[in-house]
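Given the structure of chain E, go ahead and fit chain F onto it with the hints provided.
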Amino acid sequence: MAVAPSVAQPAHHAVVRLISGPTVADSSHDRWLGLEFKLTPGWHVYWRNPGDAGSPPTATWTLPAAWSLGAIQWPRPRRIEVPPLTAFGYEERVVFPIRFSSRGADRGIIRGHVSWVACRLECVAEDDSVMLVLTPAEPTSGRDERVVADAVDRLPTTTPAGWTMRGESVGTSIVLSVHAPFGDDVRVLDFFPADPGVVEHSARVTSTVKRDRITLRLVRSQYANALPERITGLVVLTGRDSIIRSYDVEFPIGAAASGGDATRRAASANWATLLLLAFASGLLVNVMPCVFPLLGIKALSLSSTVTRPSERSLRALAYAAGSIASSALIGGILLLSSDPARSAWGFQMQSPSFLGGVALLLFGAGLSLLGVFEVPALFPRWLGARTDGLTASVGSFAAGATAILIGAPCAAPFFGVTLAGALTAPHAVGFAAFVSFGLGAAAPFAMLVVTPASIAWIPRSGRWMETAKQLLAFPLFGATAWLVWVAQLQTGSSGSAALLASLCAVAFALWMLGRWATVSASPSVRRAALAASAVVAGVAIVSVSRLTVSSRAPANTSSTGLHWQAYTDARLDSLLSASRAVLVDFTAEWCLTCKVNEIGTLQSERVVSVLRERSVGLLRANLTVADTSITRALHAVGGASLPTYALFAAAERGSPRLLPILLTPDIVVSAVERATAASRTTVLESPR
Amino acid sequence: MVQKTFIASLLLATTLGLRRAAAPAIGQPAPDFTITDTRGKTQHLADYRGKWVVLEWFSHACPYTIKQYATGNMQRLQRTYTGQGVVWLSIVSSAPGREGFTTASKANALATEKGAVPSALIRDTAGTVGHLYDARNTPQLFVISPTGLLAYAGAIDDKRTADTADVPKAHNYVAAALDAAIAGKPIVVQLTQPYGCTIQYAEQ
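Chains as they are written, first to last, in the numbering used here: chain E, 1 to 688; chain F, 1001 to 1204.
Chain E on its own, in the form it takes in the complex (with noise of 0.2 Å):
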């Protein structure tokens, strides 16, 4: 009854029919029709995921008003592997099914329009038209309906009542884990990811299997930006009786599965504290070395020149608008950014132009403390009595605001577990967060001028200010010395040897400033003066602004014997696989804690042998330059600052456990113990 005309052309691949198949099991009117792809020997038709290349097949129909054609119906596909790349599809014969329903029994015809893509190597894009005679009240041929009903077998399953599916991303895995009551003889066969750019095809999927639990661990796709909430597939298994089924599937990716312990504490905190741990933090921010020295010489103008209470006033609430500004600027755009891959908190020291310019701003104080030249002298004298008052606001405003760039990474130690909630939070919440660390920031400052009792504290003036403020100027050199260092390791020699031109050349125009744009020259004097330093100064910072990474991030090589290797997430599950411990310390250069604790605590002698014992895998993620796979991977881990220690257990499945961002030996030795304790568990539990 059921008729294909179509005859195949000579250059086609698969010969394509519309046939009709069984009822539908739980329906008295609905029916199972069949697109059959007979294909060429050698050559394949994809699965709705193609994989890495090709298409999957379309179709469109017409057919009587009183009928209708459901989707296409996908059986499982087999891995068709062209190193590098995995496909997912078809060879030899393929049996797609479509449900048909009817209202009515009269004879009608179905055409179709069917095109696809075949490829063996090389791929070829056909069509072809089909047409199906069919009386709905009668039975299909013997030999269709059996074709169409194996196909049916072969469809995916829907989810069973009872799977509890939760997902979670571990270094560049992806863990997905699936409890129901398995029974021991359960075989994890594959999966297939539903949709491109989610896992990486052509890896090897492998899985463990427990009584009441499979878990798969997949590799993330190179292509993938960030995680996706759920990743929903097909999952193939095989039990007892070697009959293959499948499944389809939907993992959630929990903010909180993707995490580590931090994320998940801070996330859970309520909101209020973690303002409050924000203010908090941004008020220790003062105390750190980055920022103190710009402290210091903002409470010593306040003290010395400034008098009238109202103008003490204007200065710290300038003070406070620079460093609330330039806290919720970072903030926005950590929160906005579009890819979080490639940003966190204190990573402007990953680009070279902005270390040089902090380097020349930090340089250009420090030689303005010594007095080589007057900032109210560079003002206008129309400006008149307003200048003092002005150029100091505007200079608090810029204090402000440095202390919070440059303080960032110093006030990671802190604010890193308060930032990973920051950033997990709703966006307004997080935003607060931000403000409220730069009111934090902001705090010390503002008090002199609101508790009139604090202002005792400040010193009378005197000769000795003159000093103190000179001496000021050396902490600023020996700032400035770092920075140089750490764009030295960005941009190699040539870099650095440009900025220390360019510090030179600034140094150059301030000192012209200082001769000969004072108060007292004639406008003439004055006017050069001031274009000679300005075209100095402009070439310094043109020149600065054009620093470019050149240089990988150096290797680590410690001198405890250890061995660190350069994180990769290759190198990350190749050691996992391994079952080995692993631990991966997210550092960089300009973190002054990621070096207080490898000198202090991981180069210390209990913490290198026990980390030898155990043979815990080391990897060291340098991020002084930046690198978009490792901030993904630290990320990924569950942290959003450095230093992040992420100690891997050597049991297979979950999560790193992140360490405190300040180690001590005590801390690391008794982590890796549990850590590596857990495998030995493992180890005696499995040949169960």
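Keep in mind the hints are simulated off the structure, nothing from the lab.
Just so it is clear, CB atoms sit at the ideal spot from N, CA and C, and this is done for glycine as well.
Hints are not guaranteed to be accurate.
As the list claims (entries may be wrong) - Residues of chain F placed beyond 10 Å of chain E at every Cβ, according to the derived structure:
| no. | residue |
| --- | --- |
| 1 | Pro-1031 |
| 2 | Tyr-1048 |
| 3 | Lys-1067 |
| 4 | Asn-1108 |
| 5 | Thr-1112 |
| 6 | Ser-1119 |
| 7 | Thr-1128 |
| 8 | Thr-1161 |
| 9 | Ile-1182 |
Said to hold, decoys possible - Beta-carbon label-pair distances, calculated as ranges:
| no. | chain 1 | residue 1 | chain 2 | residue 2 | range |
| --- | --- | --- | --- | --- | --- |
| 10 | E | Thr-206 | F | Thr-1080 | 45 to 55 Å |
| 11 | F | Asp-1032 | E | Asp-241 | 54 to 64 Å |
| 12 | F | Gly-1050 | E | Ala-566 | 31 to 41 Å |
| 13 | E | Thr-58 | F | Lys-1114 | 40 to 50 Å |
| 14 | F | His-1171 | E | Ser-141 | 44 to 54 Å |
| 15 | F | Thr-1080 | E | Ala-137 | 38 to 48 Å |
| 16 | E | Ser-494 | F | Gly-1050 | 41 to 51 Å |
| 17 | E | Pro-64 | F | Ile-1182 | 49 to 59 Å |
| 18 | E | Lys-595 | F | Asn-1108 | 52 to 62 Å |
This is chain F only, laid out in the frame that chain E set:
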């Protein structure tokens, strides 16, 4: 210097070709290459610093590439963006005897016949440039910033089919990236999984 870079990239490509090549990452320097185009002119990527550069992997026999050329879409993109100072390099990495391979003169004739107007057409028969970028499909496109950093990599659009009717309905990732780049705005989608035919490299 140029020669040294070329030898270095050749060595790199050979080593990488043996294993799965690592794709260059978004925001990282795009690998440099020097190669002769179908008109006999030397194409050195670094010479295009200061301009946006598009690399388009091309195979005249691939249905997914044909979809873009039969509708005139790829030619339109080439005309629009080369008209705005963008450098467009179409690259054929097919090995001799395999799908997409042509001689230089045949390649030029094909381009003329289809009205293609890339800045240059490049035959990469050894697969050197293809492996440097871990290019896998035709079409697959890369957008490189004036400072030489990779700004977009992946599919041409979001309709992953060989159907010409899908071209007008598709969101074109490359046009979106170039429009944003030229307007000085951030590129929203920087990385997608490419789709299309498998590039027919020489056997390893």
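Tell me, in ascending order, the numbers of any earlier hints that this structure violates.
3, 8, 13, 15, 16
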